[in-house]
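Asker: Letter by letter, the chains look like this.
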Amino acid sequence: MGGNVGVIFRRELASYFSTPLAYVFIVIFLVLTGIFTFFMGNFYERGQADLAPFFSFHPWLYLFLVPAVSMRLWAEERKTGSIELLLTLPVRTWQAVVGKFLAAWVFAGLALVLTFPLWLTVNYLGEPDNGVILAAYIGSWLMAGAYLAIGSCISAATNNQVIAFIITVTVCFLFVAAGSPIVMNLFTSWSDNQLWSAIASASFLVRFESISKGVLDFRDLFYFGWMMILWLAATVIVIDMKKAQ
Amino acid sequence: MIEISHLSKEFGHFAAVRDLTFNVAPGEVLGFLGPNGAGKTTTMRMITGFIAPSSGSVSIYGHDIQADPIGAKRRLGYLPEGAPAYGDMTPARFLAFVADIRGLRGGQKKQRIEAMVSELELQSVWHRPIETLSKGFKRRVGLAQALIHDPQVLVLDEPTDGLDPNQKQQVRELIRRIAADKIILVSTHILEEVSAVCSRAMIIAAGRLVADGSPAQLQAQSRNHGAVVLQLPVQEGLQQQLAAIPGVGEVEADAAQPGRFRLIPETGKDILLAVSAHISGAGWQIAELRQEEGRLDDVFRALTSRAGEDLH
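Protein chains in written order, with our numbering: chain W, 1 to 245; chain V, 1 to 312.
Hints should not be assumed to be uniformly reliable.
Quick list of the computed label-pair ranges, beta carbon to beta carbon [said to hold, decoys possible]:
| no. | chain 1 | residue 1 | chain 2 | residue 2 | range |
| --- | --- | --- | --- | --- | --- |
| 1 | V | Asp181 | W | Leu114 | 35 to 45 Å |
| 2 | W | Gly3 | V | Gln221 | 21 to 31 Å |
| 3 | V | Val117 | W | Phe39 | 52 to 62 Å |
| 4 | V | Glu10 | W | Trp94 | 25 to 35 Å |
In short, the hints are calculated from the structure, not lab data.
Every value quoted in this text rests on a predicted model; they were computed, and no experiment measured them.
Virtual Cβ for every residue (Gly too), placed ideally from N, Cα, C.
The whole structure should be built from the sequences, with the hints applied where relevant.
Answerer: Below you can see the structure in the form of structure tokens.
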């Protein structure tokens, strides 16, 4: 039965590359990471051989790029009617959900891996802590997975990709912004520390920043892992509910 | 065996399918007839497990589609309405994908795919993206996908829609060829198709079953069943004379062709002998004389318009 996840995964991944989507996405991703890192992150001016400026923009970059990938996961199947084919094949709903998600996640991972020239650059310029960089890459990929899982669930609820995109951006924004300095200052000004830390701990930003400093805390890894599992489970529930509607 | 029991589906306050109960046995080709919006597609979607019924059950060879969906779906091949597929894939990749999901491996997979290519004549489009294919080819790719695992139960939602007359004929022949030990459900609104391929026909209207029988049995319900059509030399008083023949209920004169009449029998009467006896007695020269079996579209119209009226 696990074989079905693999079959769906391969079909999905191949479909990214049979359309311009994959190439457009990867080029835009690489160009934007470059711009953010070198121009806005003051990569050279900082005089430090690390990738902190590169990674610090990921939560915000993903906010718009990842929903562009996730919006089509289910909404497109509904629009073209292929969902009727997929769900009447001897496949369990969770297998289809996981197979599609994994393809999107591996695709995002591939885009991330293609930023390796930056890693080569810092290693050429100085002696960075490559352990920290690896941790940050892992953290970034996990965060992308959490974004994708949220997007998967929202995409399953609609047959309109634009609506899926906008709602996903909004929901993801809440998860990121909860840990941004503006929101944190707001909360610290009129509430106690416990509430503040509870909200901050649910933030992608706070979790990701701690990983990208090189601290691979299992709580942070579990956090992103659980986010993915919960949102994918919600995707299965949404699809099964739509069947009964 | 498919067993469908008290199947109903409501969308909000709209009852799309109401209390359908029927069984289909192997070897039967069941034609699903009904006007657009009668609930044909909704019924097929429930049988194939794409949507869940509001109440009632569907069992495919003992596997309940709700309780054991995988067991039921393994035995099913389904061509959904409009033959959806993954447009960016070629038929080659698409059929390989479906074959993988269906658990076909190695030589068996290759052999089944090759069988589908020749059966549905897909060679010429084998490596072209499905979204660039004509409607007819898309439909054939959809059929190939439904047939690839040689299923015991085949559910085809308007399989010949969008095909040209030659292709329609090919699909009908295909259905007849594979029908022997299978259960086939075909929805259509082309009535001639029912007589051509189905061993049994069901008419549904407004979500309800209004007729169930062999195409011949349904035709027999037509007012034109046993009607005699004849062409006579034009003369005065023909219509009155014909109406006086015992058993003749109604005489319809063809406005376009003088001398041409349709004699509709009183219910249950066979009038052919009486009519031909009268003709030879009167010494008429007949240009044409034939008896009709009845028309499915009469039955279809009569049953479905009645069901529609019930709604209001």
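Asker: Looking at the structure, which of the earlier hints fail to hold?
Answerer: Result: hints 1, 2 break, sorted rising.
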